[in-house]
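Visitor: In this note's numbering, the protein residues as written are 55 to 511.
There may be inaccurate statements among the hints.
Straight-line distance between alpha carbons at most 25 Å, and here's what the computed DMTMM-like set of lysine to aspartate or glutamate pairs gives [stated by the list, open to error]: (1) K339 <-> D299; (2) K222 <-> D278; (3) K182 <-> E139; (4) K343 <-> D440; (5) K436 <-> E194.
Label pairs and their in silico Cβ distance ranges [to be verified]: (6) F258 <-> N75: 41 to 51 Å; (7) T196 <-> A173: 17 to 27 Å; (8) N336 <-> S253: 43 to 53 Å; (9) E68 <-> I247: 49 to 59 Å; (10) S253 <-> E488: 16 to 26 Å.
Just so you know, these hints were derived from the structure itself, not from any lab. C-beta: ideal position from N, C-alpha, C; glycine also.
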Amino acid sequence: MYYDLSYLSVPLPEDVIKLKNYGDFDGAAQFIKHLLTQSVPEALKKRLEMELDILRMVGINEYPFNEEEAEKMMQEAFKDYQKGELTSLKEKGQVDWLYVNGRVHFQRRFLMNLIKTQAEYEARLLVKEDNQVDQLRKQELTHNVQLMKKQGFRKVKIYLKTSIRVKKEYERPGEKVRVYLPIPKECKQLSSIEILSTSPEATFIAPENAEQRTVYFETILEEDQVFSVEYSYVNQVDYVELDPDKAAEVQPKFDLEEQLPHIRFTPYLEHLLTEILAGETNPIKKARKIYDFITTKVSYSFMREYFTVENISEYAAVNLKGDCGVQAILFITLCRMAKIPAKWQSGLYVSQYYTGCHDWAQFYVAPYGWVFADLSFGGGAKRTGDEARWNYYFGNLDVFRMPANSVIQKDFNPPKQQLRADPIDNQRGEFEYENQGLPYAYLDVNQVFISMEELGE
55 MYYDLSYLSV
65 PLPEDVIKLK
75 NYGDFDGAAQ
85 FIKHLLTQSV
95 PEALKKRLEM
105 ELDILRMVGI
115 NEYPFNEEEA
125 EKMMQEAFKD
135 YQKGELTSLK
145 EKGQVDWLYV
155 NGRVHFQRRF
165 LMNLIKTQAE
175 YEARLLVKED
185 NQVDQLRKQE
195 LTHNVQLMKK
205 QGFRKVKIYL
215 KTSIRVKKEY
225 ERPGEKVRVY
235 LPIPKECKQL
245 SSIEILSTSP
255 EATFIAPENA
265 EQRTVYFETI
275 LEEDQVFSVE
285 YSYVNQVDYV
295 ELDPDKAAEV
305 QPKFDLEEQL
315 PHIRFTPYLE
325 HLLTEILAGE
335 TNPIKKARKI
345 YDFITTKVSY
355 SFMREYFTVE
365 NISEYAAVNL
375 KGDCGVQAIL
385 FITLCRMAKI
395 PAKWQSGLYV
405 SQYYTGCHDW
415 AQFYVAPYGW
425 VFADLSFGGG
435 AKRTGDEARW
445 NYYFGNLDVF
455 RMPANSVIQK
465 DFNPPKQQLR
475 ADPIDNQRGE
485 FEYENQGLPY
495 AYLDVNQVFI
505 SMEELGE
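Given only the sequences and the hints, what does the whole structure look like? Please build it.
Guide: Dropping the structure here:
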């Protein structure tokens with residue numbers, strides 16, 4: 055089932071909202087099922103059908119810890135922990151929570167989020183995490199900035215292997231499955247893309263220009279079966295310093311439209327953009343003002359599944375928090391509202407120190423063409439006082455990337471039949487039986503960096 059997510063812009067009936075806000079997800083689902091037996095407008099019907107799947111994702115799955123459990127986790131994690139600290143963090147909006155059956159429950163990664171985003175809590179850990187890898191990664195990024203400025207470009211060949219499997223307790227051997235894994239796609243910085251091997255043999259490999267490119271498997275599931283793909287590609291990123299004085303008087307008019315529900319020009323965002331721009335008309339300066347706002351005012355925070363958020367750009371702008379994808383969508387939305395073409399890019403961050411999911415943005419300014427903005431990397435650099443790296447990620451990108459997606463909310467080739475684990479983006483892959491799409495809680499995903507070779511021109 056591929057949902058047209060634009061229907062998330064349709065408002066929910068008041069009684070559904072009341073039940074949902076109280077955390078009575080079963081009651082909300084029952085009320086929706088009742089409404090669907092009535093004659094309701096088609097757009098409302100589609101919104102209600104979508105809400106049933108959203109309700110299945112939230113609650114105990116996304117918010118499993120009640121206050122007593124969360125308090126115990128805090129006591130076990132931090133030294134000098136005082137009872138009531140968690141309540142204080144909740145009241146300040148520094149931990150994600152909601153009601154489940156009228157009781158406060160905390161998001162499944164609330165503790166990890168505190169450690170990652172609050173230096174005070176990282177320092178108070180009873181068991182210190184080994185941050186050597188983080189330090190090496192930061193050094194790698196700083197070195198990349200230095201090399202790019204010195205050489206004017208970097209060109210590398212990267213080898214990766216990714217895999218997906220269903221966890222043992224959800225395995226149903228003998229049943230037909232359809233499996234998708236993201237692979238590199240045609241884009242500005244990539245060339246020489248090669249699919250080196252798949253296991254089992256791939257049923258179909260989407261063309262390089264697919265907006266969300268995948269390798270597809272359709273087979274009868276075997277016990278303990280792993281689906282994998284190994285590939286290589288050449289990534290060349292050119293260094294650019296955007297000069298506002300060189301911006302062309304006439305700018306292009308593509309990639310300026312809304313894409314509901316998340317790239318949406320709401321009244322609040324109109325007010326916010328007016329405040330951010332303060333009358334500025336130069337496109338490069340406008341884009342920089344938007345970048346500066348997000349990287350200094352929107353705090354990095356882990357997110358619940360995107361499918362459960364009705365409007366990601368407004369969520370970021372109202373709550374002033376969000377992960378890499380949330381920040382990128384806000385940047386794209388505000389740029390488009392400011393008549394600056396902007397679009398999505400996502401896939402993996404890839405290096406010997408870390409390989410994992412990541413999202414970023416592109417924007418277009420004549421005569422430079424498409425350039426990059428990495429809001430979360432820029433914001434992270436700013437928070438640690440690295441002004442050079444903060445400035446770098448306005449206009450530039452590092453070479454440690456595997457782009458698989460160029461648009462949000464696009465179906466695969468071939469189309470998926472059941473509900474996607476992530477209907478917006480695809481960085482980890484998807485797995486479905488004939489009658490059920492599997493959430494990521496049911497899956498094991500592995501992304502393995504093999505090698506990276508530095509190339510000349």
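Visitor: Starting from K436, check that the Cα of E194 is at most 25 Å away, please.
Guide: It holds: about 17 Å lies between the C-alpha atoms, which stays within 25 Å.
Visitor: Has the hinted range 16 to 26 Å been met by the Cβ atoms of S253 and E488?
Guide: For S253 and E488 the Cβ distance comes to about 22 Å; the hint holds.
Visitor: With 43 to 53 Å as the target window, see if N336 and S253 comply at their CB atoms.
Guide: 52 Å, holds
Visitor: Is the straight-line distance between the alpha-carbon of K182 and that of E139 25 Å or less?
Guide: 20 Å, holds
Visitor: So the hint says 41 to 51 Å: do the beta-carbon atoms of F258 and N75 match that?
Guide: 43 Å, holds
Visitor: Between T196 and A173, does the beta-carbon spacing fit 17 to 27 Å?
Guide: Once the Cβ atoms are compared, 20 Å apart, the range 17 to 27 Å for A173 and T196 holds.
Visitor: Is the Cα-Cα distance between K339 and D299 25 Å or less?
Guide: At roughly 10 Å apart (the allowed maximum being 25 Å), D299 and K339 satisfy the hint.
Visitor: Verify the proposed pairing of K222 with D278, using a straight-line Cα cut of 25 Å.
Guide: 7 Å, holds
Visitor: Looking only at beta-carbon atoms, does the pair E68, I247 fall within the given range of 49 to 59 Å?
Guide: 50 Å, holds
Visitor: With a cut-off of 25 Å on the C-alpha distance, tell me whether K343 and D440 pass.
Guide: 18 Å, holds
Checked against the numbered hints given earlier, this structure breaks none of them.
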